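Trainee: Sequence:
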Amino acid sequence: VQLQASGGGLVQAGGSLRLSCVPSVRIFSIAGMYWYRQAPGKQRELVAGITAGGSTNYADSVKDRFTISRDNAKNTVYLSMNSLKPEDTAVYYCHAYYRSLSYWGQGTLVTVSS
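Per the numbering used here, the sequence shown starts with residue 617, numbered consecutively.
Hints in this document: simulated from the structure, not taken from any laboratory. Incorrect hints may have been included.
As the list claims (entries may be wrong) - Pair ranges (Cβ atoms, derived):
(1) Lys658 with Arg681: 17 to 27 Å
(2) Arg660 with Tyr714: 17 to 27 Å
(3) Lys701 with Arg642: 33 to 43 Å
(4) Arg660 with Ser622: 28 to 38 Å
(5) Tyr714 with Gln628: 18 to 28 Å
Fair warning: this is a prediction, and the values are worked out from it, not measured in the lab. Quick reminder that beta carbons are idealized off the backbone N, C-alpha and C, glycines included.
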């Protein structure tokens, strides 16, 4: 499975961005899709996830600011990020759990300036 992530960029604090992740297989066949991020010098951390059934989970640090969603018709998972903070600066990775295997996208850089 290949995952194509996009949507990163430079934004001022308080701004918004939307990341997209398109898998190479039909999205409804994927058990769970997730967004992780890795800031410089830090470990990769889970940001948000969504299951095939639509259940979602979020890191405490992004609750009420970020929303993960999936559009089966467009075969895309989104991460809508609002009220961005400088500490949200990181490379964001799309991750899929498919047929008991783990797959990662190439990462997209989000930079939030103060």
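Trainee: Check each numbered hint against the structure and report the violated ones by number, ascending.
Mentor: 4 and 5
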